[in-house]
Every structure is written in C-alpha cells, then in structure tokens.
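Please construct the entire structure, taking both the sequences and the accompanying hints into account.
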Amino acid sequence: MLLGYIFRRILYMIPILFVVTFIIFLLTYLQPGDVVDAMCGLSCPLEMRERLREVYGLNDPFLLQYARWVKGVLTELDFGYSPTRNMGAWEALMGEDRWLYTLLLVVAALVLSWAVAIPIGIYSATHKYSPADHTFTFLGFLGLSVPNFVLGLIFIWLMVGVLKVGQVPVQIDCMEKLTVGEFFSPNCRDAPWSLGKVIDFLWHFLPPVIILAAANTAAVIRYMRGSLLDVLKMDYIQTARAKGLTERIVIYKHAVRNAINPLISMLGFWIPYMLEGALVIAIIFNLPQIEKTFIESLENRDYAVVMSGLFVFSLILMIGNLIADILLAISDPKIRYE
Amino acid sequence: MGNTTAPMAVEPKQPSPTEELGYQPLSQTQLIWRRFRRHKLGMIGAILILFLSIVFLFAEFIAPYNYTALHKNFPYVPPMITRIQFDGLRPYVYGLAKRQACIDPQTAELRACQDFPPEVKARRMPGVWVYKETDQKYYLKLFVRGEEYKLFGVFPTNVHLFGTGEPPNSPGQFFPFGTDKQGRDLFSMILFGGRVTLAIAPLVILITFLVGAFLGGLSGYLGGNVDMLIQRLIEIVMSLPRLALLLAISGIVSSFGQIPPMVRFWTIVGLLSLVSWAPVARVIRGQFLALRESEYTQAARALGASNLRIIFRHILPNIMSYLVVAATLAVPDVIILESILSFLGYGIQHPLTSWGMLLRNFVGQGFQFEIQYHAWLLIPAAFIVVTVLAFNFLGDALRDAVDPYTVDEVKEEAA
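In order, the protein sequences belong to chains A and B. Note that the working numbering has the first sequence beginning at 1, numbered continuously upward. Note that the working numbering has the second sequence beginning at 1, numbered continuously upward.
Keep in mind the hints are simulated off the structure, nothing from the lab. Be aware that a few hints might be false.
[Said to hold, decoys possible] Calculated pairs, BS3-like style, for lysine-lysine (alpha carbon to alpha carbon, straight line, at most 30 Å):
1. A:K164 to B:K121
2. A:K292 to B:K181
3. A:K177 to B:K121
4. B:K137 to B:K72
5. B:K132 to A:K164
6. B:K40 to A:K128
7. A:K233 to B:K40
8. A:K164 to B:K181
9. B:K121 to B:K40
10. B:K40 to A:K164
11. A:K253 to A:K334
[To be verified] Here are the computed distance ranges between Cβ atoms for each label pair:
12. B:L210 to A:I10: 30 to 40 Å
13. A:E296 to B:F256: 15 to 25 Å
14. B:L210 to A:E296: 50 to 60 Å
15. B:Q85 to A:S194: 48 to 58 Å
Quick reminder that beta carbons are idealized off the backbone N, C-alpha and C, glycines included.
Rendered as structure tokens:
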C-alpha cells in the first residue's frame, strides 16, 4: 500500500521534472552569447565560429536542441560542456566531492535543528508563559529575523575581529592555526586522516552547520509550540488525563505524537530555505560545495554548469518534498494512499 | 453619537441600542485595535516601521552627505558618533588627521606607522588608514549648507539636517557611521539603501498578493479544470529553486548589458514577485475552497447573488484580515531575499544602493581582513535585522489582534 503510494508519487514527479527542464533550457536559450563565444573568443574568425556552431548543433531549431539536450541528460547526465573548467558541466558541478559536502551540510543542519527545536518546543508548550518560554519565544523571534548571511558575517567578525583566533597557538597534527572558512585549514587539506584532521574538520564544519540550522531551529520551535498547544486543548487529552494516565504519557504518547504531523508536512516547505541558506553560507565561508561552483559559473557565464545546477537544486527540492510526503504517510494514519 | 442631537431629527427620539445596553458596543475594528494596542512588541514594531519610513522618505535632507559622493581624502574613517564631545550643550568633534596604517605581525594590531617603536618591524598596509584627532574643534550644527541635492528629486537645495558645515576638503567632517573604501558616508548610504529596501518589499508583497489572490481565488472558487491547471502551475513554480532561479535570471538580464537603474529596480521587484506568488495562491485557494461551501455563501447564492458579488461581498471580506496578516508576515522574507540577492551582486546595483549591497564589502578575497579592521561596515546588517524584527513583531501582533479567540488567551495571561 505504502509502496504503491511512493511509486505513484514518483511517477507524478516525472511530468513536472520535464516542465522544469524545459524552463531551465529556455532560460539559457534566451541569454545572449553561447558556448562558442566562450570557447573561441571575440577574435574568432567567422567561418570557424560558424563551423563550431554547426558541430554543437546551435543552428538547429529550438525544440530539436531541447530534445537533444534532454536525451543527453537522461542517458548520460550530459549537461553540456563547461569551457571555463574544460570538462563536462555535471563533472564541473559535482566533482571533487562537492555534492558530498553539500549533502553533509544540509542534512547535518536539518538534523541538528530538529534535535534542538523539538524538545524546546515541547518544553515551551508545557510551560506556557514561564520565564523560559518567554526567553525561547524571544530567541525564536531573533532567530527568524537574523538572516543566515548576517549571522555568518557576525560569526566571522567575532572570530577574526574580536577573539582574534588567528593569534591563538594550536598544535595538533596538521592543525597549526585556527582559521575561519573552508572545511580544512590549508595544512590539513591534503594530509591523511588523523585526530588533528578530524578536529580541524569539526572546527571548520560546525559553525556553518549551526548558522544554517539557526533560522530553521527558530521556526521549528515556534511551530512545535503552537501545534502542541492546539493539541493540548483537544478533548482526547482531557480524556487521557481523566482516565488517570501520567502527565508524561499524556504529553509524549498522545499530544506530541499528534502535534508533530503538521511539522512533518512542513518539512518539504523548509527544504528550499535550507538550500538558500546553504548557498549563502557556501559563499561567505568559501566552502567547496556545488552552490559555490554555481555562483562562480554564473559569474563566468558558464551556462552549462548553471543549467545543471538549477536542475540539481530542483531535483533536491522534489526529492525533499517526496521524502516529506512519505514520512507524513508513515507518521499520520489519517493520510490515505490515493 | 453626535448625530442624536442633530436638529433635523423630527420624529420622537427612540432609545438607541447604546442606551438600552447601558454601554457602547465596540465595532470589530475597535476590538482589533484594542487587542493590538495591548501587544507591546507589536506597537514598538509599528512605531519603528513608521519612524524608519519617514526618515528614509527624507533621506536626502537627513543624510549629512550625498550617498554617492566620494570623499577621496577620508577613506575608511571609523564611526564618529562615539567621538562626539560636548561643550556645555553644544556637540563638537575634533578634526580628522589621516595617517598611513601599519600592522604589527605579532599581535595583528593596526596603528599609525609612526606610533610603532622602531624595534617592532611593522608592515605598511597600502590603502589602509588610521585617523587621529587634531586639536581643532568643529561644532555640529542643524540645517547646515553642504553638498547640493534635489529634495524628492525636484527641489534643488543644499541644506542638510545636521553636519559641521565645513567644505569637503576640510578636516572637520562628521561621518556618523564612518566611511567606506572610497570615502562614502556609510550613514547616508544606509538611509538611501533603506529607502530602496523598504520600497521593494511592499511593492513585491502587493504584486504577490494580487496575483496570488486572483489565481488562488479563481482556482478555489471555480474548481474543475481551471483549478487543475492552476494547481499544476503552482506545483511547477514551487519545484523550482527560488534563490538559484533568481540568481540565474538576474544574471541573464545583466548579460544583456547596462540597463537604467530604475529598470533594474523594477526588474528586481518583478523577479521577486515571480518566485513568491505560488505559496500565497495555494493558501488563498484553500480559503476560497472552504468559504465557497459555507452557509452564508450558499444563502447568498440561493438569493441569486452573482459570482462576483459573492466573491467581493462575502468571501473576500472574510479572508481580508487573514490576507493583511499574511502580507505583513511575508515582508521580512522579501527583505531578506532582496538583501541576499544584492549581497551576492545580482540585485540592486550602482547607482542605487540597498542594505544587502552595502555588505558586498565582505564578499570575495580578503574579506576577512575587511571584517577584522573595518567592522563598522557591518552596520547595515543591524538595520536589516531591526527592520525584519519590527515587521515580525507587527505581523505577530496583527495576527493575535484579528483572531477573535485571542481574548481568552489575554484573560488567561492576566489571571
């Protein structure tokens, strides 16, 4: 039953994905200049240029070009050629473990924010209007109001400008200086894995994760608190209390279990925000992620990479929504599989 | 109530409902206002937004300098607002003396080169300066003559709200929040950036909610094939990555060459609206769907009301308060998105400015050096945070105020 639902849900994604690829292709088709300009430059002789255009099929009608592009994408993930990086666009975007770092950062931030926010949300709702609740509510407001990139800049200012971490002497294996930005300090990047390299990685990796998680944590706290407060007003909670269940079981087995469903259904809604945050964080902390390649390619007008980037981001969005729907179907028995 | 004593009342005076009840019943608006007023943070938010809007409206006059004016003699002046001294009640600042900056490689301390003892091998930092104070006092005055500008783009004048009134090459300058690399006054730039940021957000929200209400309403009210079509459209738009798409389209627009600043402004407004309307349309559809089947709508339909009448007289007034709240709460999102876009260099561009764009000093190579020694250039970020916070407070207070069930909450809290 559930498997059938997942299967139908995936089938349903296919036409949307096609429209999305069409929009992406149309965008790059509309932009002035093409790969030939980038490859052979302005001083290129006209007949050479014409021949290259013929080779790459740039003189064909729009729909034919689109069909060829989609075929390339579907059969061998061929998004075209990146002249600035001199390799395939897909490889240029995802290569050197960049996809892994993106995935790691987003998943770690998502897990962290839920792990922190759900208990706080439950505490806030069960201790309504207590000083702690007021504090969390205010912090939640602040978390929602400070954009990721501002948080990142403030963090770097604190580290570099106020605490002056560069001056602190450290000596653990390859780790020699406390630097901010990227995933490793220069010495550790190519060193073999060791305790020092792990510490170095955590030192560089945790700040972006925490900063990325901050806004999401604030949002989850607010929704969890609100949702749990709504559930606690329900009659069945009163019934549960009336039949003598302990408060602990009432809260965790009856109330929280029901209050968490709306949050899961909003998971798909938050994934775009996570991706946006990750993009900005990648720029500020100079992280070797697909987002950074995406921006660099945009600046170099390397549109094959930009296209594959848009495609990957859309795919992540859709898969995120799919996962959220599946989780909701598992968690909420009221969801019907039709 | 003033009407009851009007001389034109000929017929015998009937007891008004007020007298019967013994008290004045409050209208819905009065109730909302009363609940809103009780929300302290919401009031603070509203007053702050009003204050900032007025300040930004008169930005040219309040700013001590034109925000594009380069003061080549005064690059990287630190904020002077903390250096104001008082002579009785008259505020003054000391003159600025620019010195070449050197850096101590051991302590990373930045000071004027001649201040380092000769045994310290300090490194000269070309293009970086520190400022000392001269003995000359420069009094701060109101309504001083300074750089020429056009108020509201029409009236040419050179009167600024405050300043030292000194010529541009005099050491007696007053840069409240300091200056940037080219000696532009940060305070003035923040005022103008605020004007752009605070203009974009309501425009985007207006367009977003008009489009969202139209398509969502159509979808929810008509149902059937129209609903199907609009729903698929919304799904497609929502499966596109918002920020990446904005960046890509903005990049493509820029690659067509230079465009006039106002065209750029409206392009950004359009693009932000383009990626924001879909979730709004989805929620409004849900509301229409629910209200279409409500008893009072059915009653109106039974009485022969036309579709348009039902939509505008019965459904829209009922979701209006929801729309206002949702629109207020959507403003922060737009402000942040615009800031990110400008911060990355794909939003507002010179000669206009915005808060996100002012933070562009911290993008690219060497930004950690900037952040370490020129931290005051982060001040625009504080304005983003405060404005967003104000809108969040206002939205939250409005939500509580329009919700008739919050009365209980307030009582509960008081008890």
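- Hint check against the structure, violated hint numbers in rising order: As far as the earlier hints go, 9, 10 and 14 are violated by this structure, in ascending order.
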